[in-house]
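*Asks:* Use the sequences and the hints to build the structure in full.
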Amino acid sequence: MVRAEYRPYFLLSPALISLALLLLAPVLFIFVYSFWLRAANGQDIPAFQFGNWITVGGDPFYWLALRETFKISAITTVICMLVGYPTAYFLARCRFNNKALLLFLLFLPFWISYIIRTFAWINVLGKSGFVNSVLLGIGIIDKPLSLLYNDFSVIMGLVYFQLPYMIINVYVSLDGIDRNLESAARTLGCTAWQTFREVTLPLSLPGLGAGSLLCFVLAAGSFVTPRLLGGTDTLFFSQLIYEAIISQLDWPTGSVLSLMLLLSLGIIVAVYNRFMSLSDIYRSFAK
Amino acid sequence: MSADRPDLGWNGLQLLTLCVYIFMFAPIIVVVLLAFNSARTGSFPMEGFSFVWFGKLFENASIMDAFQTSLVLAVTSSFLATAIGVMAAIALIRYSFKGKAVINNLLSLPLLMPEVVLGVALLMFLKFLEQPRSYMLLLLGHTILSLPYVVLVVQARLVGMRQHYEEAAMSLGANRLQTFFAVTLPLMAPAVLGGFLFAATLSFDNITATLFWKKPGIETVPTKIFAMLRTSISPEINALGAVMIVITVALPLVGGFVVRRFAKGK
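Chains A and B, in that order, are what the protein sequence lines are.
Counting from 563, one number per residue, gives the positions in the first sequence under the working numbering.
Counting from 15, one number per residue, gives the positions in the second sequence under the working numbering.
These are computed hints drawn from the structure, not numbers from a lab.
Since the structure is predicted, the reported quantities are computational estimates derived from the model, not experimental observations.
Glycine is no exception: its CB is placed at the ideal position from the N, C-alpha and C atoms.
Be aware that a few hints might be false.
Quick list of simulated restraints, FRET-style, between CB atoms [to be verified]:
| no. | chain 1 | residue 1 | chain 2 | residue 2 | range |
| --- | --- | --- | --- | --- | --- |
| 1 | B | Ile43 | A | Tyr571 | 49 to 59 Å |
| 2 | A | Asn659 | B | Val272 | 18 to 28 Å |
| 3 | A | Val594 | B | Lys70 | 18 to 28 Å |
*Replies:* Here is the structure:
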């Protein structure tokens, strides 16, 4: 029998060992690999040199791709905030008897395969898709609109994927607000709008922050959505990583690119963690 | 409308929420609708109602293979993730020990890590160990991907569980192991089942990391769809999508029902 004080560590050991072997060691290994030398014959030779970093860092193309990725992710996040906050507010404050059902419905698409939810947008936005068919049918347009395979459709797909995350985060934090505070503000003479601005909004900021960080990080790391819904000129960083590793088998470059994405997102998460707590994010996953 | 509700145009909010729900469901409905379209193009206009694409689906051996691979992978990886995750969740909820906060954060780490990076990392590490891409890589990869979710979901369910029953069993003479199997495990069953279903869904859904890890020639359902989409949207994809939608929506519904029945039986 395991002694009582070691018991938690005993119970945790399978989880920690798999985490160390399957996550921490591999990520450290990318770091090591990024210094290796790529020989002319395609062999990778163990070395310690900064050639890969200098090549990638000196190429404005990669920085452009990183900027584009972050731009699209930021637009997605802002749309999710603007649409998600009012929706969460409505869900938190409405008086439906079956609020659980409303929340359940919101998360139903969540269970449906990511790739199906993504390609569904091809059916909706394509040349002979739903939107164009309807608009052509009622005669508003006489030529199909180009809604697909551009930044617009990528943002649509990302918003579609991230919006429930945003809504649930804001909902949890709105739901936790003591309603007496709002009543007190009203009694003390605040208008409804002032009450919202001075009491409700500040108290729900942790939820909004958690939802936004989650939206941004998940969007910036996404691969399938830009790949399926993006056009030829859509630049998404994870696509470059896939190209380098799977298509070109250029592993040293691939590792530098992976680390670039990981580090830049890590900085964003760290800055966020400096001001807000990450535990808010994890909590929403358990809902 | 009551006075304690800020008057921000409640009707506007209601309308927006309705639009969000339409936005969430419209694409799914479109896929299911098109699955029954008899036209050969897999897009609008609807020409007629037909089951023909579902029949084609079941005749397509490569899709059936992918289905089998996905299913086996989902069951095995979520079995592993649940076993490991439940142990960790018990430790985190039931004990206080040194380094708990750090371990908690560590276990949640994969949640915020871009899947592409995780995919690259594990693939490179295996190459370094001179292991070929294999089913094992997919199994271990999917396990580590769903582990943090299992830990969180099971933890959330365990928080509410009191220890009285276990203490009673122990004081009546059951040893620790007997107590665990006769009392703790049955009480935890809904939490364990919940974690398992969550992990299975995640594994069945996973595409990004799977694209890095799979051996050429082996396809799971999502990667198969991904490969099929390269050419064009065939009506078969819509039919496959419709089948998957029914399965993935039915699974949590049945799971939720079972869990509720469990809870009522107590």
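*Asks:* If a hint holds in the structure, say so; if it does not, say that too.
*Replies:* Hint by hint, here is what the structure shows:
Between Ile43(B) and Tyr571(A), the C-beta spacing of about 50 Å keeps the proposed range 49 to 59 Å intact. The beta-carbon spacing between Asn659(A) and Val272(B), approximately 25 Å, falls within the hinted interval of 18 to 28 Å. Checked against the hint of 18 to 28 Å, the pair Val594(A) and Lys70(B) fails, with Cβ atoms roughly 48 Å apart.
Checked against the numbered hints above, the structure violates only hint 3.
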